[in-house]
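S.K.: Which chain is which? The protein sequence lines are A and B, in order. Heads up: the first sequence at position 257 corresponds to 257 in the numbering used here, and the numbers run straight through without jumps. Heads up: the second sequence at position 12 corresponds to 12 in the numbering used here, and the numbers run straight through without jumps.
What the hints contain is simulated information worked out from the structure, not anything from laboratory work. Keep in mind it's a predicted model, so treat the numbers as computed, not measured.
Listing some non-contacts, in silico: residues in chain A with all C-beta distances to chain B over 12 Å:
{"#": "1", "residue": "8"}
{"#": "2", "residue": "105"}
{"#": "3", "residue": "124"}
A few chain B residues that face chain A, going by a derived Cβ cut-off under 7 Å, partial list only:
{"#": "4", "residue": "18"}
{"#": "5", "residue": "19"}
{"#": "6", "residue": "70"}
{"#": "7", "residue": "71"}
{"#": "8", "residue": "79"}
{"#": "9", "residue": "80"}
{"#": "10", "residue": "82"}
{"#": "11", "residue": "83"}
{"#": "12", "residue": "100"}
{"#": "13", "residue": "102"}
Straight-line C-alpha distance at most 30 Å; calculated DSS-like pairs for lysine-lysine:
{"#": "14", "chain 1": "A", "residue 1": "71", "chain 2": "A", "residue 2": "19"}
{"#": "15", "chain 1": "B", "residue 1": "28", "chain 2": "A", "residue 2": "16"}
{"#": "16", "chain 1": "A", "residue 1": "232", "chain 2": "B", "residue 2": "94"}
{"#": "17", "chain 1": "A", "residue 1": "232", "chain 2": "B", "residue 2": "51"}
{"#": "18", "chain 1": "B", "residue 1": "56", "chain 2": "A", "residue 2": "137"}
{"#": "19", "chain 1": "A", "residue 1": "300", "chain 2": "A", "residue 2": "339"}
{"#": "20", "chain 1": "A", "residue 1": "19", "chain 2": "A", "residue 2": "162"}
{"#": "21", "chain 1": "B", "residue 1": "51", "chain 2": "A", "residue 2": "16"}
{"#": "22", "chain 1": "A", "residue 1": "16", "chain 2": "B", "residue 2": "94"}
{"#": "23", "chain 1": "A", "residue 1": "232", "chain 2": "B", "residue 2": "28"}
{"#": "24", "chain 1": "B", "residue 1": "56", "chain 2": "A", "residue 2": "232"}
{"#": "25", "chain 1": "A", "residue 1": "137", "chain 2": "A", "residue 2": "343"}
Each residue gets a CB set at the ideal place from its N, CA and C atoms; glycine is no exception.
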Amino acid sequence: MPVVCSGCEGRPAVLKRPKTGHSLCRACFFWAFEEEVHQTVLSARLFRPGERVGIGASGGKDSTVLAHVMKVLNERYSYGLELVLLSVDEGITGYRDDSLETVRRNQQQYSLPLEVVSYQQLYGWTMDDIVRQVGWKNNCTFCGVFRRQALDRGAMMLKVDKICTGHNADDVAETVLMNVLRGDIARLRRCTAIMTGGGGEEGVGDGGVIPRCKPLKYAYEKEIVLYAYFNKLDYFSTECIYSPNAYRGHARAFLKDLEAVRPSSIVDVIHSGENLCVGVGVRMPVQGNCTRCGYISSQKLCKACVLLEGLNRGLPKLGIGKHQRLHDKILAQEPLSEKEERKLRAVDF
Amino acid sequence: GYRANMAAPIDLHLEFGGGAELLFGGVKDHQVQLPNQAEPWDIRQLLVWIKRNLLKERPELFIQGDTVRPGILVLINDADWELMGELDYQLQDKDNLVFISTLHGG
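Construct the entire structure; sequences and hints are all you get.
M.R.: Next up, the structure:
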C-alpha cells in the first residue's frame, strides 16, 4: 500500500527525505528541494541583483542540478542574475572529454553561455601527463589545486562577479572529516563557509580571488540524485579513473555508513564543523599573495606554483608533504642538493 | 489455482545507473525472470540472485552484507524503497527496480 505524501496528503509519496524523515510526492519534493536552496541563497545573501554568476559545471550530477535549480530560482524569484556555465578540462581521456559533452548538452538545454578552460592551456600539463609523472598516489592533490585556480582564471575570462559550485552536504561533511583526520586546522575553519573569497576574508591585493559560494551546501546527495532522476536531467556519472586511492574515499565510505544508521549525521557533522572554535595560541596561517604569480597564498609560493615547479623539474614530490625550506631555495633559483633532489624525485606507484 | 499463483515465476525490469551499470557489463537495462519458489520473493533474496547471476565484477561495490552498499539508491516502481519496506518488500510480477549509484564526482 503506497505511502501518502505528508506535504499535500493526496498524492502517493515517491521518496523519504533523509533530512526530515518526511515522505513526499514528486511535486512536493521538487518544491521542498527548490525552496530550501532558495532559503539558503536568501539567508546567506549569496547573490546581488545584476551579478554575473559563473556556475562551475562538470557535467556531473551536482553541477547539472545546480544549473537547473539556479535557472528555475533566478526566474521564479527574479534574482536578476546573468548565469553562465564554466567548465574545467583537466585533460583526462575517457572521463573529462565525455563529461564535457554532457556540459555542452546542458548548455543547449538551459541556453546559457559556456566557457571551457583547460589545464593544457593554463599550465602546459594535462592530468594524463601529470599521472604519468606522478603516479597514482597524490595525483588528486595536483588536480584539486589546479582546478581551483583554473575556475578563477575561467571566471576572470568570462568576467563573472561570482562563482557557484555544486558542492553538496555530503561533500562538505566529508571535507570536515578529512580535515579532522589530517589535523588541518586552517582548512577546517574555512571548509564549512558557504561563501569564500568575498567580504571579510580579503586584505589581499590583485591576487584576490573571485568569491565563490555553494548554494547546495545543505542539500543531501540522495536528494540531488533523485531530483535529477525524477526531472530526467541529463548527467554524466563515472568515477574519475585516477581517483581510486583518493583519501576522500575513506571519509565518504565512513559517512555513508553513518548516514545509514542516522540520516541526520551529514548535517550534524557540518554543524560541528561550523561551530568549532580554534583554541587560543594555535598558530594559524596568514593570507598573502604568491610572490611568483600573485595568486592568494599563505606561503611565499602558492601551491600551484610549487606543484608546477616540481613537475617541470622532474621532482614530482615537490609540494607533496612539508618542504618549506625548499620553497625559499626554489624562489632564489638556488640549486637543490643531491640529497634534497632524491627526496623529491621518489615516486611510489 | 491458489498454489500456482504462489509458485509462478516473476518477470522484473532492473535498471542500473549512476555508474552502477559498470558492474554489470556496462548494461543499464536488464529484463530478468526469477524462477518459481514456494515463498514470495523479496529484495533480500533478489540481491543474492543478482550477485549470483548478474554481477560481473567487484561485488563489494554493489553489496555490503545482505543489503546494497551505502550510497546506492533503490527505487521500486519509481518510489524510494525506504517507503516500501526496503529488503522486506515482496516482489510482484512486472515490478520495475532502479539501482542508482551516487558514489562519484558531481
